[in-house]
Structures are given as C-alpha cells and as structure tokens.
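**Q** For reference, the chains in residue letters:
2 protein chains.
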Amino acid sequence: MTAQSGVLVRTQGVTCAAGFRAAGIAAGIKANGKPDLALVLNEGPDHAAAGVFTTNKVKAAPVLWSQQVLSSGALRAVVLNSGGANACTGAPGFQDTHRTAEHLADVLSDWGSETGAGEIAVCSTGLIGDRLPMDALLAGVTEIVHELAGGISGGTDAAYAIMTTDTVPKQAALHHPDGWNVGGMAKGAGMLAPSLATMLCVVTTDVVATSEQLDRALRHATSRSFDRLDVDGATSTNDTVLLLASGASGVAATQEDLDAAVLAVCDDLADQLMADAEGVTKRVTVTVRGARSEDDAVVAARVIARDSLVKTALFGSDPNWGRVLAAVGTAPVDMEPDRISVSFQGRPVCVDGMGAPGAREVDLSATDIAVDVHLGVGDAAAAIRTTDLSHGYVEENSAYSS
Amino acid sequence: MTAQSGVLVRTQGVTCAAGFRAAGIAAGIKANGKPDLALVLNEGPDHAAAGVFTTNKVKAAPVLWSQQVLSSGALRAVVLNSGGANACTGAPGFQDTHRTAEHLADVLSDWGSETGAGEIAVCSTGLIGDRLPMDALLAGVTEIVHELAGGISGGTDAAYAIMTTDTVPKQAALHHPDGWNVGGMAKGAGMLAPSLATMLCVVTTDVVATSEQLDRALRHATSRSFDRLDVDGATSTNDTVLLLASGASGVAATQEDLDAAVLAVCDDLADQLMADAEGVTKRVTVTVRGARSEDDAVVAARVIARDSLVKTALFGSDPNWGRVLAAVGTAPVDMEPDRISVSFQGRPVCVDGMGAPGAREVDLSATDIAVDVHLGVGDAAAAIRTTDLSHGYVEENSAYSS
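Those protein sequences? They're chains B and R, same order as listed. Per the numbering used here, the first sequence runs over residues 304 to 705. Per the numbering used here, the second sequence runs over residues 304 to 705.
Don't take every hint at face value.
Identical copies carry no separate label here, and so any pair may be met within one copy or between two of them.
Cut-off 20 Å, straight-line C-alpha distance, at most; resulting in silico cross-link-like pairs (EDC-like, lysine to aspartate or glutamate) [said to hold, decoys possible]:
#1 360 - 655
#2 585 - 666
#3 337 - 446
#4 360 - 641
Keep in mind that the hints were calculated from the coordinates and are not lab data.
Next comes chain B alone, as it looks inside the complex (with noise of 0.2 Å):
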C-alpha cells in the first residue's frame, strides 16, 4: 500500500524516535486494577506537532481540549488515560481534563522541564457519559513522570496503558535509511469507523520538521490508512491522532519521504486494529475498482464494508454474492448494475452483474478474505478494511457497560 523507505518493525514503537521517552501506569482508572494511564513526552530540541480529530459533532472534552492546544502547533507532552471517555461530561469534565494539562504541566516543570499545560495534549477512552476518577488521574499523573524512559520499554508501556476492549498493544516503528524515525502506537477495537477509526494514536518522529510539514503528512497518512478502517460504522466521540516532531536526528527529510514513512507506520496500525477489533473472526478487505474515482471507490467500498448481510454471511463463510450486489446498489456513486463484477479471494461469482458458475462453492474459510467488485464505469479504485459480524462482536458489545 505505501511505497516508504526503510524497515518497519512493530516490536517499537513511540519510544523508537530519539527525543521522546513513555510510560504506562496503572492509576487506578480501570476497576481492574490494569494499567491506565500513559505519557508521551517530547524532550526536544523541536516540538512541532499537529492532530486529527474526530468529525463526530458530540466531541469528548479532551478532543476540545486538544483541539485547542494543537492550534499552536506545538506540543511537549500527551497524556493519554484508558478507564473512561470522559465524553458527555458537560463543563465539569473539561475542567477535569484542564486540571490534568495544568497538573503535569506543574510536575513536569518540578522536575525541571519547563512546560505550561497549553503544550500538553491530553486523550481519553472508555465508556462514555461517566467522569473521570480525578483523584487516581492526578496521583498517576505524579507517579507517571518518574517512570519515563526511552528505548523499547517506555514505548511498549505506553501502549498497553490504552488499551480497552484491545487484546495486544499496537505498535509501530520505521527507521528510515537516511537516519531518522517514525514509531507510533494505536488502541482500538470497537467504534471503529470511518473519519479516523476510532481510536487513539499517537506518532512520534525525529525528523526535523515544520508543523505545517507534519499537518499535510499526518492528513495524506490517516485519509488513506484509518479512514479506510471501518468494522462496524460507529464514529467515536474521542478519536485523536497526533504526530509529534523532536528533530532529535538533525535531519530535514522531504516532504514526499515524510508522507510515505507517516503512512507506513499509520497503514500498519490499522491494520493491527483491524485484526484485534471485537468479536472478529475473519479480516476482510473490500477493494472497489473500475470507479469513476477514488473518492467515489472509496464510498462504494465502505458501503459494502458495513453491510450487516455481507458481513454476516462472511461470519458464515458463506460465499452470497448477491448481497454485495444489493449492498453496493444503495452507494450513491455511479455504477453500471449490468457490468458490474465481483469476486471472492480472487474467483469470480458475479460477472456483468449475473452470477458466475460455482459461485455458491467458493471457500471462504480462511481468516483473510478478499471481496472485489469492479463497478464498470471508469479506473479508478481503493479499498477499505473491515471485519465481519459475528457472535463475539454481538456478546461483546451487548455487555459493554454493564
């Protein structure tokens, strides 16, 4: 999918980039007992950063927090927490995630890194509509600090503490031949859905970059990697992905290169959220071609991704080509119904709109499927990854909160 430069790794993550160390805690947040509490700081020289947010119109304090913060363009530390949204809060809940900002910006100070809370973004996840424990947050954010540290544990720490309905941390790292990074780590695995997928994600680099620089690659690298992620058409009020530059490596790299190494480490962690999202027993990739354009591929695509019928029948490995032809019917986008075609893991079963022999015997057994359709009408083509829709997903979010 990405045509980057240099080794992709997913044992790093975060902390693969010179100038940044991490930490995961646990604060007490989850009733559990697991960690909760994550902190990514950014030690410099440069501190250019920028985010992408949720288009979700109910937004979670921290996303208006962040939000706000970002539009400086710089950031020295994000403080992510697991435990609880804290969406749905009103003014008290904002309070609650300016008085964490302002906390660790005071510790941080303390410990001799001069920061105002105006440079910390701050990210939650959990259930929506409860506050935060604000006792336990603000203890952990105290504790946190002093277990900062850099190389492979800090970072792999760090993913853990924000992890939910997760069941493996998402982690990510690209070091780039011309001797600069990209690492980056992801939580996610509900909500996901279109207009970033439902998460939180942070990246770090240690190019030498302009915010602008970082805005245009972390926009070009989540329109094509998380928006692209959809396992069940559910937007979440707290999605944030942030990228955050030390120029600890003193290298400038091209724009060109940025992009493709952002992308690399964004396309990755999708993809790890797409094999670890609730209840998923197959990973499905839906590719749209012959589309008059991307834009329209891409539509076309998702519609077919959160069809409960295609999905359903893919959980039954169940080879019904016709509900992608009556799922991709409904996509306003132009098609030609008498020349469109499709196909399972490579074999055709519709073919200008009518089925192909032995399409009912297509195995779709495999964990991987691949579904094609080509709508007909022009070249252009993209894909979109989903899930299908299973028994686990239905148990697992039928007791989420209770």
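Model the placement of chain R on the given structure of chain B, informed by the hints.
**A** Here is chain R on its own, set in the frame of chain B:
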C-alpha cells in the same frame, strides 16, 4: 400515528376490498414444499393502480418489469413468488419475468378474463442471483387461477405464499364507515431498510380513484411507514409496494380520507414487519424531537436506529446512553451537543449532553423499547422503527444461502 376513520383488523388482507380475489399455492419453487406462489386479481370495474419500488441501483428483473407496466397506471393482476428473487439474473432473468406475465395473461384470458401481459405486475423474493425454476413456476401459474377466492381465505393464502424468513403472514384491513375498504399484505424480515423497507406489499381498495390519486396516497403512506422502518440498513433489490383499486364499492373518497386509510394499513403492516424481523428480541422506536425539520429528525433517528453499538446494547438491555450520543453526533443534521437530551422508556438518561442521575439503572428488560432524543435546535420530530442486533440475527444471516 394516523387519524384514519374506520376499524383496522389483522384477520383480513387484500381480499377485504370488493372486486378482488386472491390465492396462494405451493408450486415447487421452494425446495421445502411450502407455499411459494401468490396471485391477486382485480375484477374491476376499475383497474387503476400505483407502485413504489426500491431505490437500489441493482434492481431485480420483476422490479424492472413492474415499473414499466405501471407506467400505464393500470393493473389487472399481481403475481408474486417467494423462493427466489430473480435478481442479478441479467437478460435471461428478465425474460423469465416477461414469460410469467405472458403466461398468466394467456391463462386468465382462456379463463374468461381478457388480460394482456402489460396489465400484470410481477414480484419475486428470496435468494439473489439464481434463476427461477420456470417449469414449476409456469405450471403453478396455470394452477393458481383455479384457486382464486375472495373473503378471508384467498387473501390469507396469498399472504402465506409470499413469506421467506417471515414466521407469520402479515395482513391488515380497514373498513371505512363510508362503505369502502383498504386491505393489504406484506412480507419482509431481513434487508429491511429505508426507501421502502425491503419487502413486497400489495394493497387493494374498492374505492373509486384515479391512478394519480392512488399514486399520491401510496407515496404519502410509504414515506411515513415502510420508509421509517430500518432493521439492518440494507435495501433490497426487490422492494415493491403496489396499490390497486377496483372501484367496486362505487364510492369515491376524498384524497385526505384515502391518504389516511392507505397510511393506516401500511403503518400497521410496517409494525408487523418490525415485530417479525429476523432475530428480533426487542421492538425499538427511536423518536427524535427538537430537530430543525422533519427530514432532519428522520435522518437523525435513522442514524441511531442503524448503529450496531446502540443495537447490541439494547439486545443486552444495557442503558448505554453514551452510544446514542456518539451515534447521533455523526448525523449530518443541525444539533446542539450541549443541549441534547435522551430518555429510555420515558426516563431521562442524558440531559443537556450530560448523564442524568440513575441513568445506568434504567430497566430495559422489556420487549418494547422507546428511545427518545431531543436535539435542542427546533420543533420537528419523527420516529423510526427498528430492532436490536441479536445473536439470532447473526445466526439467521450467516447461513441463509447454505
């Protein structure tokens, strides 16, 4: 929902109106030997008719045929089969539909009722993508004409013969005090969504009315009934709703009375479709108020009604109101996030965008669930009927074609 005059009952359907006879038989289209062929005959004196069809770009052969036939504004008969949708079957599938109408016209003409193929609508429902077993179907057409009956039995037999995954037949009949009647039958349990709730429905009346009057009454009714039922967001290739008038009562109704009566029958049938939807364990009405326009209210209610996380929470009787906020926040309509209120079963769970005391304790164990959302920006309101997302839905839809 309606202000119609007259008594509505569910024990009669299309043959409650004078001038209509109907039948339903097992023609061997379904492998399991259940009834699969239905016929509704309008014996006049009038033959005015109107139809509303799926908006899916991928339209089944019978939809293409019936749309063409309806351009004349007249129908003498409707022949319907379950056991196969005759969708995505290309030109050969269209020829099958044409042959069906031609054959029925011949049989009816031989039988003394001079009819042309162009006066016959055809409806099909079942699996997409397979050709119909035409030998069985045409033999069935020859036979079914001899089974035509008025009264309760003919309509009920027809209502049984159009069932697919439906567990009960759906009929409604309204007897107007002015001496005319409207009756209807419908089927549909999956692929129930907007722009007609994916279904076949035939409504009959013995009122004296032009095809223009019928068309207006039918569009008025479907936009407020079937279009506001959304079980799984999937729009079928075969949706068809037909309204036939015999004029046999000799009474001409006002447009207003006709609108109200047709809406009452369609609304009741929509209610029956919701109650029998695939895997349903909860019948849910999502009402949005305080919207800028009725269209906005419909859009917002539909977004909530389609949200997998809301639907799985309802399946688990979990008052997870945050998911309702997260869902409505993605609706492309005006809203004031800090003024949104939500109640479950009439109990406030969210007021002005924040949780209400006791919100997590609201009892959602009932079968009928009311979700009310106030957007805080206007006075318009609308409701969408939907269901929960259950294990039963996943089970039924993961093994439909196999």
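**Q** Each of the hints needs a verdict: does it hold here or not?
**A** Status of the hints after comparison with the structure:
1. 360 - 655: Classified as between; 14 Å across copies, 41 Å inside a copy.
2. 585 - 666: The answer is within: 13 Å in one copy meets 20 Å, while 35 Å across copies does not.
3. 337 - 446: within (16 Å within a copy, 70 Å between copies)
4. 360 - 641: Close across copies (10 Å), not inside one copy (39 Å); limit 20 Å.
Going down the numbered hints, you'll see the structure goes against none, and every one checks out.
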